[in-house]
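> Going down the list, the sequences are from chains F and H. Note that our numbering has the first sequence beginning at 1, numbered continuously upward. Note that our numbering has the second sequence beginning at 1001, numbered continuously upward.
What the hints contain is simulated information worked out from the structure, not anything from laboratory work. Hints are supplied without guarantee of correctness; some may be wrong.
Stated by the list, open to error - Here are the computed lysine to any residue pairs in the SDA-like style, where the Cα-Cα straight-line distance is at most 25 Å:
#1 F/K82 with F/T103
#2 H/K1217 with F/V170
#3 F/K147 with F/V98
#4 F/K287 with F/L38
#5 F/K147 with F/R182
#6 F/K82 with F/V106
#7 F/K287 with F/L92
#8 F/K287 with H/A1254
#9 H/K1107 with H/I1134
#10 F/K287 with H/L1151
#11 F/K287 with H/A1114
#12 F/K287 with H/P1155
#13 F/K82 with F/T229
#14 H/K1107 with F/V271
#15 F/K287 with H/G1156
#16 F/K287 with H/I1134
#17 F/K147 with F/H78
#18 H/K1217 with H/A1061
#19 F/K287 with H/L1150
#20 H/K1217 with H/H1193
#21 F/K287 with H/M1166
#22 H/K1107 with H/M1166
#23 F/K287 with H/A1103
#24 H/K1107 with H/L1174
#25 F/K287 with H/W1124
#26 F/K287 with H/L1257
#27 H/K1107 with H/A1034
#28 F/K287 with H/L1120
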Amino acid sequence: MSAVLRMLPPAFWGLSLVCVFAAFTQPQFLSLSFLMILLRQAAPLGLVALGQTFVIANRSLDLSVGATIALVNLIVAHAMWKGYPPSILIFLALGTGVVIGLTNGVLVTVLRGSAVVVTLGTAAIITGLGFLYSGGAPGSSVPEVIKWLGRGRIGVVPVSGLVWLTFGIVAWVLLRRLALGRYIFAAGDNPSAATYSGIPVNRTLLVSHVLSGFFAALGGLVLTGLVGTGALNLGADYVLSSIVAVILGGAVFGGGAGGAVGTMLGTALLVMVLNLLTVFGVDEPGKLIVQGLVIAAAAILYQQGRRGG
Amino acid sequence: MKGKPEVPPRRGLIARFRVDAFWFRQRGAALSFATLTLMVALLGVTVPGTFFSAVNLSNLAAQLAPLFLVSLGQTFVLLGAGFDLSVGAVISLSSAILTLDMADPVKIPIAFAAAAAVGLVNGWGCVHLRVHPIIMTLATSSIVQGFALLLLPTPGGVAPQVLVQMASGTFLGLPVGLYWIIAATAAAIWLVHGTTFGVQLYATGQNPQAAWMTGIKAPRIRVMAYVISSLMAALAGAYLTGRLASGDPNVGSALGLDSVLGAVLGGTLLSGGVGGPIGTVAGVLIIGLMNNGLNLANVSPYYQFVVKGVLLVTAVSLFRRKEAGL
Chain F
1 MSAVLRMLPP AFWGLSLVCV FAAFTQPQFL SLSFLMILLR QAAPLGLVAL
51 GQTFVIANRS LDLSVGATIA LVNLIVAHAM WKGYPPSILI FLALGTGVVI
101 GLTNGVLVTV LRGSAVVVTL GTAAIITGLG FLYSGGAPGS SVPEVIKWLG
151 RGRIGVVPVS GLVWLTFGIV AWVLLRRLAL GRYIFAAGDN PSAATYSGIP
201 VNRTLLVSHV LSGFFAALGG LVLTGLVGTG ALNLGADYVL SSIVAVILGG
251 AVFGGGAGGA VGTMLGTALL VMVLNLLTVF GVDEPGKLIV QGLVIAAAAI
301 LYQQGRRGG
Chain H
1001 MKGKPEVPPR RGLIARFRVD AFWFRQRGAA LSFATLTLMV ALLGVTVPGT
1051 FFSAVNLSNL AAQLAPLFLV SLGQTFVLLG AGFDLSVGAV ISLSSAILTL
1101 DMADPVKIPI AFAAAAAVGL VNGWGCVHLR VHPIIMTLAT SSIVQGFALL
1151 LLPTPGGVAP QVLVQMASGT FLGLPVGLYW IIAATAAAIW LVHGTTFGVQ
1201 LYATGQNPQA AWMTGIKAPR IRVMAYVISS LMAALAGAYL TGRLASGDPN
1251 VGSALGLDSV LGAVLGGTLL SGGVGGPIGT VAGVLIIGLM NNGLNLANVS
1301 PYYQFVVKGV LLVTAVSLFR RKEAGL
């Protein structure tokens, strides 16, 4: 039993605490309609964070997700594609994400650059290319299908939430039910031991980066649909937020209890806390301080538990 | 053990071995200086009149001084196998504290004490609580940025007169930024290459356990590196506050990651123990000359992003490491 409890990510306890707190102080916060709004808001970040889970569990990092989101937005909203079927656009956007992930992966595994610096570099390159492509002007309108992806509802449930849950299940299967997930956690926990036991460490890391690029592009699509128009610098704050969500979900560099479920709970916790603070009238500085304290507390508690166990 | 058995160096060779070890650690710096020479030559050929003009060079010194300070500070942390994301927020915090409505002799020490406290918390979290440096400094950076915005919600306030005088104009015919750069560089090079602390920092960065077993207080050395980094960031904040003559709670946000770039372009590895402040000088100058040169040559700022990214990726790919990842 205690082993099961220890496997639960910090976000689980945090989320329970926040829900109990909200139930006593702001009951309307837990109403179905408000939760659905939160779900819609959390979905883009949730998708990006799912991708980040793969690389962080693999002892790597992807700082280029923000630039990827911005580029996807520029591509989807660019006037050049007016009249093309949206399916081509979606394919193009996701393909861009895969190419970016592949580039990161090759640079990290073949050239052995530090992932922090490599993805920072590719982020700068992507941002520059995006500006050159768009001429510095935000795009115009977004196809209806993509808007529906970001804003639409089936019954009361937002479509973006369903997309998030679907890909959450995909990520869970990849991480916990396939050999790939075993490889990722093994390679993240101890790269040399993984190499000696015959795990294709490099290829695993490459796949992790490709998945991160793909999920970032998917998150960018949903976010673009939610915003509804082209916007410059969309997703800049998603870089750090996605890392925060993964950490709250219990993943640390090199394995850990994290995974798809943890990351989804972490995203939910982050979005809940920030919204709850808004309800209480706490503004930007207070939110930053609380966010920092939550990250520090989660990381320290997790690390202490790991050393003891 | 793989490879050839190592022959212990003979007595007479020890001196040369030391020199070789030095060059081994500075191999990146040598490359950065070569790149730098190439860039200066290129700028001298393409835009000779404007680049070598006194106005341009003094502007360059004034602009690069803060980046020099934070990058040198970041170098200490990187040498100790750490990572400090919080320097940008510390710059902003010191800018906010330095423009508070208080007497100068009170608020200037408070700004530096606050920075030292942030460094101590970073070091304590990374070293003693064993939180990963990226996570720990991400958390503190969020908290510190929050406090900066709490103290100074919008840009404004009045900078201490001392700082305004120390950070603007010229002294003995040279821009004051240059004196800040020279002083900080000299101090950093002395600390790393002229003191026991420097030797211990390299040893700790290469292998904390081995350093501990040889009697080096590795945890203390690593915490000190974080404190130095924060103090240098506060110094950069003081310079920026003096130069702008007012405070800005977001003044450091761009400098946080740029400080890592300066150190990395100078040949300091993120894995610790390789590189040093001499290389960082070249790294920061490369960043400065690249932005300056592309501006002078009228290249679209959009290309500057691309060039910066390509430079970074190239720099980091030049030294193959054993492990892939972070």
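> For the pair supplied as a hint, F/K287 and H/L1120, is the alpha-carbon distance within the 25 Å limit?
holds, 23 Å
> For H/K1107 and H/I1134, compute the direct alpha-carbon distance and say whether it is at most 25 Å.
Violated - the C-alpha atoms of H/I1134 and H/K1107 are around 30 Å apart, more than 25 Å.
> Hinted pair, alpha-carbon criterion (25 Å max): H/K1217, H/A1061. Please report holds or violated.
violated, 38 Å
> Keeping to a limit of 25 Å between CA atoms, is the pair of F/K287 and H/A1103 held or broken?
Cα-Cα ~30 Å, so violated.
> Given the hint that F/K287 pairs with F/L92, does the C-alpha gap stay at or below 25 Å?
violated, 36 Å
> Assess, step by step, whether the Cα of F/K147 is no farther than 25 Å from the Cα of F/V98, and give holds or violated.
holds, 22 Å
> Is the straight-line distance between the alpha-carbon of F/K82 and that of F/V106 25 Å or less?
violated, 34 Å
> CA of F/K82 to CA of F/T229, is that 25 Å or under?
holds, 13 Å
> Check the hint pairing F/K287 with H/I1134 against an upper bound of 25 Å on the C-alpha distance.
holds, 20 Å
> Given the hint that F/K287 pairs with H/L1257, does the C-alpha gap stay at or below 25 Å?
holds, 22 Å
> Are F/K82 and F/T103 close enough, with their CA atoms no more than 25 Å apart?
Since the Cα atoms of F/K82 and F/T103 sit roughly 29 Å apart, the hinted pair is violated (cutoff 25 Å).
> Just to be careful, I want the Cα atoms of F/K287 and H/M1166 compared with a cutoff of 25 Å; is the pair within it?
violated, 35 Å
Consistency with the previously given hints fails for numbers 1, 2, 5, 6, 7, 9, 14, 18, 21, 23, 24, 27, ordered from lowest to highest.
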